[in-house]
Amino acid sequence: MGIKIIKFQHQKIKLNMKKSILNLFIALISVCTGIQAQSITGSITDSEDGEPLAGVNIIVQGQNKGAVSDFDGNFTISDFENGSQLVFSYVGYKTLNLKISSTDQISQNISVLMDKDLSELDEVIVIGYGSQKLSDISGAVSTVNADAIEASSPVRVEDALQGQASGINIISSGSPGSKPTVLIRGITSYAGNDPLVVIDGVSASIDDLNSLNPNDVKSVNVLKDAALASIYGVKGGSGVIVITTKSGERNSETTFTFNTSVGTQEVVRTIDVLNASEYAAILNEASVNAGEGIVFPNISDFGVGTNWQDEVLVDAPIINHSITASGGSENTSYYVSAGYTGQDGVVGGGEKSFFNRTNFTTNINTDLTDKTKLLVNTNYTNIKGKSLAENGITSVLSNALNFDPTVSPYENGSFGISETITQEIINPLAQIDNTYNQNKVDKIQGKIELQHELMENLNVTSRLGYTYVDIYGKSFIPFQFYGSGHNQTNANPDLSPIVAVDSEGNITSTHNRVNESHTNYFNYTYELYGNYDFTVNENHNFQTVAGFSIGENKGSNISATNEDVPFNSWDYADVSAATGNATQQTSGSWQYVSRNLSYFARVLYDYDEKYYASFTGRMDGSTSFGKNNKFGFFPSASVGWVVSKEDFFDNIEVLDYLKFRASYGTLGNDNISPQFSLISTFPSYVFNGNITPGSSLGSIPNDDVSWENQVQMNVGVDTRVLNDKVSISLDYFKKTVDDLLFSPNLSLYLGVPSFPTTNIGSTESTGIDASISLNTSVGALEISSNLNFTTAENKVVAINNGDKYIWGAGYGIPYRNIVRFEEGYSPGYFFGYVTDGIFQNQEEVNSHAIQNGAVPGDIRFVDVDGDGIVNDSDRTQIGDPFPDFTIGWNLNLAYNAFDLSVFTYASVGNDIYRAYERNLNYTNRFASTLARWTGPGSSFDEPRVTFVDSNNNNRASDRYIEDGSYLRIKNIQFGYTFPELLTDVWGFDEVRAYFQVKNAFTLTDYSGYDPEISVGGVLNTGIDYGTYPQPRIWSMGLNIKF
Amino acid sequence: MKNLKTILLLVFFTSLLNRCSDHVDYEAIEGYQITSEIYFQQESDYDAALVGTYDPLQWLFFNIQLGAIASEISLCGGESATDYIGIQQIDDMTHYPENNVLRQMWQFLYEGVNRANYMEENKANIDFDGKDAMYGEVYFLRAYYYFELVKFFGDVPLFTEARLTAGEAGTLTRAPKEEVYAQIELDLQNAIGSLPDSQSQLGRVNKYTAYALLGKVLLYQDKFNEAVSALDNVIGVYSLVSDYGSQFLRFGENGPESVFEIQYSNQSNWYDWGCAHCSEGNYAIIMNGPRGWSGPEYAQGWSFNVPTEEFYNSFEEGDSRRDATVLDIEAFAATTGSSYTEGYDHTGYFNNKYIPRAGESGGQTELNYLTNFRIIRYSDVLLMAAEAYNRGGIDDGLAQEFLNQVRRRAFGDDDHDVSASGTALTDAIWEERKFELSLEGHRFFDLVRTGRASSLIPGFVEGKHEVFPIPQQEIDISGLTQNAGY
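First to last, the sequence lines map onto chains U and R. Going by numbering that gives the first Met the number 0, the first residue of the first sequence is number 0, and it counts up by one from there. Going by numbering that gives the first Met the number 0, the first residue of the second sequence is number 0, and it counts up by one from there.
Derived by calculation from the structure, the hints in this document are not laboratory data.
Quick list of the computed label-pair ranges, beta carbon to beta carbon:
| no. | chain 1 | residue 1 | chain 2 | residue 2 | range |
| --- | --- | --- | --- | --- | --- |
| 1 | R | Lys122 | U | Ser679 | 17 to 25 Å |
| 2 | U | Ile812 | R | Glu160 | 40 to 48 Å |
| 3 | R | Asp426 | U | Asn297 | 52 to 60 Å |
| 4 | U | Gly554 | R | Pro195 | 43 to 51 Å |
| 5 | U | Gly554 | R | Ser319 | 53 to 61 Å |
| 6 | R | Pro195 | U | Asn627 | 43 to 51 Å |
| 7 | U | Asp146 | R | Thr164 | 58 to 66 Å |
| 8 | R | Thr164 | U | Ile443 | 40 to 48 Å |
| 9 | R | Gly169 | U | Asn627 | 20 to 28 Å |
| 10 | U | Lys733 | R | Thr164 | 33 to 41 Å |
Only some residues are given here: those of chain U computed to face chain R with a beta carbon under 7 Å:
| no. | residue |
| --- | --- |
| 11 | Thr507 |
| 12 | Val592 |
| 13 | Gly620 |
| 14 | Phe686 |
| 15 | Asn687 |
| 16 | Ser695 |
Positions of the beta carbon are idealized from the N, C-alpha and C atoms, including for glycine.
Sequences are here, hints too, so could you generate the full structure?
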């Protein structure tokens, strides 16, 4: 007979804890009799208030046995094997694992004490120069933890934020490794809306996330409002993404994890264009309509012809491997990882399009003395990539959509060519074959940090963060042939150079060309700050921090080009191997440096965890600012009130928790360069037939230029209901930006120098972020679900640049502007003509406002300004690429060893502008052309086809606008954790296998590849240039711990 | 021990802060940039700034193109009815204040004016030999830019002291064109006073270039007597080349007939489409080429600025200028077995003076054609002199002589001499300008200044189309008035 007490104690969480609510005691009294175990009984109670817990699930792991506690918290399990593990789970409580010693027979009552799981609220999150309990925060923050990132297994970590956190909007592209558009709480600036990224305390940018292995990330916190972000001052205007990477635990044995997944990517949707015989028929009609003869006498010869999209879209592999080791001794902890991600492009395939990343990460944390800690984080990344042309009229997809379907992919051993298309559009397979480039990135990112406890509760941190990047790029333009007279052709059919002899007998020739370039970036930030936490009169708790930050960003590039690469071969494509003479060689270089110096301080206060307040301020100085405005100050404040802690609240049983928050403060944006009255040595002229260098005034300075000043207001409420099973969080925000940075459009009679960036605009954004999460269980089925809702309404209030607007992106040949950033409108809206059906007959043309060149069958454009003439001034707002709202919904189910997570994302109200059509007479057309106008009453929305489009039916208009709303099942992951019996045999601690489908299903009315369209900038969003679709990815993976 | 630590830390902290005070200052030298404060301190700075003042000449390709397209002898062409909409509208006389081509032209011309003014602003900084002659070039160039402005837009803002600053945006009003002309004449007189008779480098203007331009400026104002006295200085200084067509080929550039040419080169291998005009090559050339051309001598282009059949047929029998001016593409393709595709407004004819010729471009072929623009040729001087002598009632005999010099070269004989006088002679001179100078940028402005535009150009509205509209953007920003009718 013996008594055994098993005690579980969780580590106390630091920072001003008064009482431990995380303390966990499990007392287990076991009676050993020496007889084989048969059954066990016990009772389960709440560790804090001793209330019995009914409905707790008890599972005997690895065996098909279990029980549920009754109304009094009692349970009985019989007939289980010795050495089994009991798993107690109950919603809102922490799951308990109890191992029954193999030799013990248990028949006595055991008491099990379960702890409330307040982990989510008591989670301590990093907020910049310190950390805070989530429940203590009175600003607006969203958090995403490692589980959610793992479940989506993204190539870039920010892709995992989509829909997982409210208030953040991510628009991704399917191109391997490409940077998405990341917007935190709307669009406020023209100059840039990328949030600041802080990795383990070190400032970085969204661009830097290409080198971070998502597997190394422990948590991501998004600081959304001024109260939290203003500790980053002028950099915080677009929000802050705080990333914490994994670290080892002290006093723990080394744990190894090995994660691997292998998948394949496929493009699910293609765009409906004309097949060969449809193409021939339509072209015949277009030619006849223009008064010319028939182009293809025998349409029936063609059949369906070549589907160029099928030719270029391929299934491509994606693989991920990572291995980590973590653990620690009494004085040191460590986390070491190595990772590899390889993604091939679905457009064109992996030979010419891929993103391969290798990471090595080492995070070490050690005690130098009992008061001094050293933290060294180092991340080395190597990226290799190749890419094909994307997002434009010369992209592979544009060629696939526009190229002649009557041409065969290959003819007589070479690529098929079109005799009729002589501009831009080429056989996409030939294009892929003729594209040669490579990109290599070596990057070291990390920090060296000393933390010293100067006295009790006063810690000083000295941190040097750095990033060094070396980028080498090479591209080769070989001799290529797309048909005689085609403007992309630079060689004869046999790929020999085209030699021309002029009237005087001088010989000139075409050349192939190679370019190499080296780019270096080096950024460092040194920060020194002290954290002092103290309590006055028991209940007045303070957390304070003050310090300064000094940093520098540098970049430089040098590039060289030469012609005449031997053998016209990529193998010999190198400036050193090319044989071009001195006049054929060109070189270039650039460099920049910017520096900043900042002082910051913050006081967090609470009274008895009931009333909260915070004050934050940062003073930023930057080389970017004008001479007269070197330093800016960005203060903020917030208050919070936990109503549920008030005595009067005890009567309100519906709500388990209620907290109100409010914040107000200022932030900035400093996306400008230093300004001077500069002499440009770019101008030159020709004397004696030789180019002679000259000079002119290149730019005019503005000594008063300063940061964009952003004022943000946030109010929020957090509550929990239904026995803490449901948590709800709701925030309303308003941001106004004054002093928006712009290059003004000054009088044209000032000529062409670059005009100084000036603070001359303002914007306003308002919106609501909401999230609701549920944790419950039904029998052995555990359910957790989380719904996020994000909306933001943006408006440009003023642009005092003369024109009141700035053009964003455009498209096509001839180039058509389409996006505007304009006073009184939402930023980046679509601008063009409004269509009003088709002129059915000449009377309709005559009775309409004067529309030059219009005949029956042409589009009727609305005379918006009513001046009787349809012209440029009739263009107006025709769409908005940004959604009215987005919703992300996560559902996680666990049943015994099985787990399932499904993530659904919806974007509603985003418009798409279709811009992939080249509109040459002989290029292919969108399939809707089949429903064209052929006579009165034949069509009311699709104009006639003609080789002479005198009405300019192709002008930028709402004809090309489509509703891009969509609902997408982004991710389904189904996992199975092998029973311990089996894994023990294998020698592992835990083995989980999973099957995953990403972008499984999309519900949308949009006709293109993918309604989620981004080229990476706010003023270039929602335009479908033949966008790189996000593929559906099928993958299988393993997570192993040992 | 503990105190020592604290002291050390404080010392470290304060020393850092001291070091930091100038951390966020930035000087242009860190980026290897030259600021205006240290410029115009040596002669070579002036040399460079003068080159910079010539530079915008190269951006004025549309000025030349529109001189033909806006007239009746050539159509816009291009890929389709919407290819380069701004030029199509000008071809059809349906253009209005929002027009990219006109806006860019306006801005480019004023950049030229500002660059000249920037030199004026810094004129007194230092002295060196040859400074006066150098400023002769500056004043010539400013006169040229203002003359183009007044030709295209009529009344325009006029400023001469200094480059405008950002603060002066929106502060100017349009000066009457008479004032602008007065300034042009003044600048040219100053240029004549200081320019040398000849320059060591081809492409630089000399005294006679200034006289020739002055003569033209005066003729545009119907100041015939003054025009005669200006142009007389140029007569005999240059000579007509015997083979009319040869001067439009590569090796005819800057020849004995050339009074003023805008210089281009194919050496820069420019390939930035984002700034096509930044090339040292002539961007107009690719526009005028046959589409999808596969054959000898020429190179493919975009089929703009296509001469009409009517114009081709209006050349007299035996006029050597027809084939030098207009390329009959069908005939040429047939004889050489070449192929091409037809563009919009296809007439079967191309501008043979400014056309892509095989091997004359470099790098990105579209952007680097070396072909110079012949701005003032000696035959133009002769015809201007003839017109001034005739219309001023000064000497019809001399007028006939100058006219017939041009005709004899064209026909290779004197059988085609003109013996008319009075208004018949005027008509003959005007008609001669059409054949001699066609597609070189003169036609539209000749028709306007002689009052014949409305009768010859379809869609031309009298009282409106004599000048082009002030760009809408400039009106919005600067509050300028618009020209009548727009």
